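Starting from the given sequences, assemble the full structure and let the hints guide the process.
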Amino acid sequence: MTDTLEHGARPARAVDARANAAAPRLLDVANLQVSFGRGAHHVAAVKGVSFSLHQGRCLAIVGESGSGKSVTARSLVGLPGTGATLHADRLAFDGRDLTRLSHRAWRAFRGKEIGFVLQDALVSLDPLRPVGAEIAEGLRLHGAARSREERAQRVVDLLRLVGVPEPELKARQLPQQLSGGQRQRALIAAALALDPRLLIADEPTTALDVTIQAQVLALLEETRARGKALILISHDLAVVSRMADEVLVMRDGEVVERGVAEQIFSDPRHDYTRRLIAAIPSAHSRGSRLAPSSAPRFDTSSAALDPRHAAAAPEILLRADGLVKRFAGPDRSVHTAVDGVSFELRRGETLGIVGESGSGKSTVARLVMAFEPPDVGSVTLLGEDWGTLPEAARRRRRRDISIVYQDPLSSFDPRWTVGRILDDALPDDEPDRRGRIAELFALVGFSGSLAHRRPLELSGGQRQRLAIARAVAPRPRLIVCDEPVSALDVSIQAQVLDLLGDLKAELGVSYLFISHDLGVVHHISDRVLVMNLGRVVESGEADEIFLKPRVDYTKRLVAAVPRLAHRAAGDHPTPRASGAVA
Amino acid sequence: MSAAGRSALAPGPVVIWRRWLGPTVRRLLGAIAVFWAVASFTFCIQALLPGDRAELILNVAAGTFTQPTAAELAKVNAKYGFDAPLVVQYLRYLGGLVQGDLGASYQSHRPVLHIIAEQVPPTIGLTLSALLLGWIIAIVLTVPTAGRHDPLSRAVASFQVAAAVAPPYWIGSILLVVLAVKLRLVPVEGGSGLSGVALPALALAIPLSGFIGQVIREEFARVLDQPFVISARMRGMSDLGVRLLHVLRHAVLPGITLSGWALGALFSGAAVIETVFARPGLGGLLVAATSARDVPLVTGIIVASAGMYIIANLLVDIAYPIIDPRIKAS
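Chains W and D, in that order, are what the protein sequence lines are.
Per the numbering used here, residue 1164 is the first one in the first sequence, and the count goes up by one each step.
Per the numbering used here, residue 43 is the first one in the second sequence, and the count goes up by one each step.
If you are wondering where the hints come from, they were derived from the structure by calculation, not from laboratory data.
Among the hints, erroneous ones may be present.
Pairs of lysine to any residue residues, derived as SDA-like cross-links and limited to a Cα-Cα distance of at most 25 angstroms, are as follows [said to hold, decoys possible]: (1) Lys1718/W to Asp1372/W; (2) Lys224/D to Phe201/D; (3) Lys1711/W to Gln1378/W; (4) Lys1275/W to Asp281/D; (5) Lys1275/W to Gly137/D; (6) Lys1275/W to Asp267/D; (7) Lys1275/W to Leu286/D; (8) Lys1275/W to Phe201/D; (9) Lys1275/W to Lys117/D; (10) Lys1711/W to Glu1669/W; (11) Lys117/D to Gly137/D; (12) Lys1275/W to Ser280/D; (13) Lys121/D to Ser333/D; (14) Lys1210/W to Gly1244/W; (15) Lys1711/W to Arg1698/W; (16) Lys1210/W to Leu1285/W; (17) Lys1210/W to Thr1245/W; (18) Lys1718/W to Asp1680/W; (19) Lys121/D to Gly137/D; (20) Lys1275/W to Leu282/D; (21) Lys1275/W to Asp1320/W; (22) Lys121/D to Gly145/D; (23) Lys224/D to Leu286/D; (24) Lys1210/W to Asp1415/W.
Chain D side only, calculated, beta carbon under 7 angstroms to chain W, not exhaustive [as the list claims (entries may be wrong)]: (25) Arg69; (26) Ala73; (27) Pro269; (28) Phe270; (29) Ser273; (30) Arg277; (31) Ser280; (32) Leu282; (33) His288; (34) Leu290.
These figures come from a predicted structure and were not determined experimentally.
Cβ atoms here follow ideal geometry from the backbone N, Cα and C, with glycine treated the same way.
Shown next, in the form of structure tokens:
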């Protein structure tokens, strides 16, 4: 496969669209329809999607889970999924009709003409084989490098191309021995192995820390600059806004809006696009609601219950003093997960802890919950010792503090109904259990019909609401939220964040809010701790930390956050800086 | 642990110890401990069994059921050391075990070790060929059908469930009647050659293939949906290629663990099958020794079987990291 480019390397971002339109299309899709199952179980996943793409351009397909964006992309390589029926009026790559390809022809096509990067690099590389074997696989299958030595050399070259350090060593290592960013790079290298003209990346940055995310996006940008066409699939509009020339907004298998990126982000026409853009939590959304559909049940502007407006300084709920936690590694090396962390959390306050994976923020949550004793330091809850007590003495006071996890599903007994899960969370001395459960249902906006459902029968957003209802059940003073919205779509995330805000105003509960997402933390927190490698590197008022970071590490974090390159009209329009994050 | 911990200043040998020798030595020590426990257990049963052992020996040797005189008993007791305190007997027994001495048979008065050594090779041959055959059947049936819902795949899955619960001696009898008596494809009474081992091995392998098949089928279907499998398809690999090259390796892992248990189970299952097919082997020996109340021989066979079982599991432990390199790497 020669790398003949129709337009040479892209000279600049703002290639004249009309010049491109005159050139032959690389990819042409008309009325693509994909459905799963038959008869009563028939589900249409993609309902008539049309688009086209030119060499060297980037198309973004945006939508929430279940919108059909991944199925659309997978249809382009003829693998929409098991039991899928595919129909398209036109599905052509470089003038070649893909709907007529035989199985054998499809196999020769995949990988060679279109490289595909699946989401979640953590599980997209075979955990039992060295990384190099995965990259060499495509070369071997398509006969691109016949000898073993030649393939090994190509693998090293590819890993170097995508910026993996020590490529010779990494090629021989297992995926688990590589960092998340390196794995994602290796996966991109595998997709680029046969120099395909089109690269499709499905949620390429979703599981990554913000600084790594920025690096991977830069790598994709570079790839595009080398003349590849790029289809970028994401639920994250901010990620997409940096790179896309054109955007397709999908919902329920349909394209609700399509257009040039500038227009979509600055002047979204469809209501759904507007909602998606508004739902992104960030500095400018602070104090406002993210999901327009959910009106506040409670007047949040009322100062009566807002402790920050009270005259005296509110009481200290939680105090962590010089917490240190060490773990022994598999080779008995000692790893200090938390290294001298101190903070105070006052009544009615939301304290955010932000940091990348491995920064020790979740360990802090476990220490605060007293699931584990600290090696050094103390945790004080409501003025009394908490962290170092024997569990029996602590149990009576457990109701004062509760926790919401990232993945609620694994924290529920799958055979229990919603009603039973909440009943189990109530204190033993609760007088009116039924009434209290009904109250909790109302608090999180559940209808009574959900009481007999089981966790698996709930949507992702409902599960997280249930987790919050369970956390609220014993009337705690403090709720620890450990990445509570990281697994949710942006509009569901918006609803959950709004719910947390409502509950705070309504019940006067305080939060210790842990997240890797700076936008989310900024949106919800009053004060913020920034953690790196087990230490607190910076702390202060949320606005100060995120708008005027003092420490280099925080500055790097803040700079790496993908932001909407174009703000919706009426907001704060920022000129689109080429390639750089705003 | 302490030795490795203290010598932290010399990283080279420490790393080798931690990665390789440490786990292997620990596993070996564990295996020896298990073997010692089994040996002690069988000794206890032997010593605490009701009835006088000297009387038993005299009766077994003479083929009578008379009450020997006290003088006769004393002679036997002295010869076999039954007059010594139990602790001394136990230590002698362990000492003998270390030197490979399992005592002498009450019936033939030949060393138990020799008798077992003669009968072990056919049993091991049968066990290993059954295990191999079981794996081949399981893989051949599972690889093309796992994760599919067409009628044929469902039928194969149902067959595996049925096979897993079928008793080997029943399958053995059916095979014998159909293949040997009706169709005359193989001799009725198995010789020592390939045709002789084929039917009994198949009788043991079919239920085993059902077990292994069920275990790997479930894992196979799970792995088929993993993103790395779809990624391989996206690179242009065929469905069968993905199944063989990526999925199978993951799917066999739980089956490998099962194989350690299966070898032990086959070893005891062989006893029945050997009788059905009138084959030489430990099975026939055990049946004969038990009915004759030849205690040292029975003990010897139990200890030898336990030894096989331990070796099988040791081999599984050693083989596992070859298929799953994650264990080594972490």
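Verification of the supplied hints:
no.: 1; hint: Lys1718/W to Asp1372/W; in the structure: holds (15 angstroms)
no.: 2; hint: Lys224/D to Phe201/D; in the structure: holds (24 angstroms)
no.: 3; hint: Lys1711/W to Gln1378/W; in the structure: holds (23 angstroms)
no.: 4; hint: Lys1275/W to Asp281/D; in the structure: holds (17 angstroms)
no.: 5; hint: Lys1275/W to Gly137/D; in the structure: violated (68 angstroms)
no.: 6; hint: Lys1275/W to Asp267/D; in the structure: holds (23 angstroms)
no.: 7; hint: Lys1275/W to Leu286/D; in the structure: holds (22 angstroms)
no.: 8; hint: Lys1275/W to Phe201/D; in the structure: violated (41 angstroms)
no.: 9; hint: Lys1275/W to Lys117/D; in the structure: violated (87 angstroms)
no.: 10; hint: Lys1711/W to Glu1669/W; in the structure: violated (31 angstroms)
no.: 11; hint: Lys117/D to Gly137/D; in the structure: holds (23 angstroms)
no.: 12; hint: Lys1275/W to Ser280/D; in the structure: holds (14 angstroms)
no.: 13; hint: Lys121/D to Ser333/D; in the structure: holds (24 angstroms)
no.: 14; hint: Lys1210/W to Gly1244/W; in the structure: holds (16 angstroms)
no.: 15; hint: Lys1711/W to Arg1698/W; in the structure: holds (20 angstroms)
no.: 16; hint: Lys1210/W to Leu1285/W; in the structure: violated (31 angstroms)
no.: 17; hint: Lys1210/W to Thr1245/W; in the structure: holds (18 angstroms)
no.: 18; hint: Lys1718/W to Asp1680/W; in the structure: holds (15 angstroms)
no.: 19; hint: Lys121/D to Gly137/D; in the structure: holds (17 angstroms)
no.: 20; hint: Lys1275/W to Leu282/D; in the structure: holds (19 angstroms)
no.: 21; hint: Lys1275/W to Asp1320/W; in the structure: holds (18 angstroms)
no.: 22; hint: Lys121/D to Gly145/D; in the structure: holds (12 angstroms)
no.: 23; hint: Lys224/D to Leu286/D; in the structure: violated (38 angstroms)
no.: 24; hint: Lys1210/W to Asp1415/W; in the structure: holds (8 angstroms)
no.: 25; hint: Arg69; in the structure: violated (17 angstroms)
no.: 26; hint: Ala73; in the structure: violated (23 angstroms)
no.: 27; hint: Pro269; in the structure: holds (4 angstroms)
no.: 28; hint: Phe270; in the structure: holds (5 angstroms)
no.: 29; hint: Ser273; in the structure: holds (5 angstroms)
no.: 30; hint: Arg277; in the structure: holds (4 angstroms)
no.: 31; hint: Ser280; in the structure: holds (6 angstroms)
no.: 32; hint: Leu282; in the structure: violated (11 angstroms)
no.: 33; hint: His288; in the structure: holds (6 angstroms)
no.: 34; hint: Leu290; in the structure: violated (11 angstroms)
In this structure, the earlier hints numbered 5, 8, 9, 10, 16, 23, 25, 26, 32, 34 are contradicted, and the remaining ones agree with it.
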